[in-house]
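In UniProt numbering, the protein residues as written are 1 to 60.
Keep in mind that the hints were calculated from the coordinates and are not lab data.
Predicted model, so just to flag it, every value in this text is computed and none were measured.
Check before you lean on any hint, since a few could be wrong.
DMTMM-like, lysine to aspartate or glutamate: derived pairs with alpha carbons at most 20 angstroms apart [claimed, not checked]: (1) Lys11 x Glu38; (2) Lys57 x Asp8; (3) Lys56 x Asp8; (4) Lys58 x Asp8.
The calculated label-pair distances, taken between Cβ atoms and stated as ranges, are [unchecked claim]: (5) Lys57 x Val35: 15 to 25 angstroms; (6) Arg54 x Ile15: 29 to 39 angstroms; (7) Ile50 x Tyr20: 15 to 25 angstroms; (8) Ile18 x Asn51: 18 to 28 angstroms; (9) Arg54 x Thr10: 12 to 22 angstroms; (10) Val35 x Lys58: 30 to 40 angstroms; (11) Thr59 x Val21: 31 to 41 angstroms; (12) Ala55 x Ala14: 15 to 25 angstroms; (13) Ile9 x Ile39: 32 to 42 angstroms; (14) Thr59 x Glu38: 24 to 34 angstroms; (15) Pro36 x Thr59: 12 to 22 angstroms.
The beta-carbon is built from N, C-alpha and C at its ideal position, and this holds for glycine as well.
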Amino acid sequence: MKYILKTDITKYMAILYIGYVIGRGSEAIPSVLAVPVEIMGFASIVIVIINFFRAKKKTS
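Using the sequences and the accompanying hints, generate a full structural model.
In structure tokens form, the structure reads like this:
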């Protein structure tokens, strides 16, 4: 169970990092396209936090 949780977090962190790079790094991509990616990255962190607390409730 802990292993699955760890892989999920790394997956979401990768998504967030890609979103951050697209949003901040490259000026070639219009910011209109970068905003949804950043929102998705932020939402993925929120999902991770929610899942983390859900998993804690199940174990306790």
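Evaluation of the provided hints:
{"no.": "1", "hint": "Lys11 x Glu38", "verdict": "15 angstroms, holds"}
{"no.": "2", "hint": "Lys57 x Asp8", "verdict": "18 angstroms, holds"}
{"no.": "3", "hint": "Lys56 x Asp8", "verdict": "15 angstroms, holds"}
{"no.": "4", "hint": "Lys58 x Asp8", "verdict": "17 angstroms, holds"}
{"no.": "5", "hint": "Lys57 x Val35: 15 to 25 angstroms", "verdict": "33 angstroms, violated"}
{"no.": "6", "hint": "Arg54 x Ile15: 29 to 39 angstroms", "verdict": "19 angstroms, violated"}
{"no.": "7", "hint": "Ile50 x Tyr20: 15 to 25 angstroms", "verdict": "21 angstroms, holds"}
{"no.": "8", "hint": "Ile18 x Asn51: 18 to 28 angstroms", "verdict": "20 angstroms, holds"}
{"no.": "9", "hint": "Arg54 x Thr10: 12 to 22 angstroms", "verdict": "18 angstroms, holds"}
{"no.": "10", "hint": "Val35 x Lys58: 30 to 40 angstroms", "verdict": "35 angstroms, holds"}
{"no.": "11", "hint": "Thr59 x Val21: 31 to 41 angstroms", "verdict": "35 angstroms, holds"}
{"no.": "12", "hint": "Ala55 x Ala14: 15 to 25 angstroms", "verdict": "20 angstroms, holds"}
{"no.": "13", "hint": "Ile9 x Ile39: 32 to 42 angstroms", "verdict": "19 angstroms, violated"}
{"no.": "14", "hint": "Thr59 x Glu38: 24 to 34 angstroms", "verdict": "32 angstroms, holds"}
{"no.": "15", "hint": "Pro36 x Thr59: 12 to 22 angstroms", "verdict": "35 angstroms, violated"}
Checked against the numbered hints above, the structure violates hints 5, 6, 13 and 15; every other hint is satisfied.
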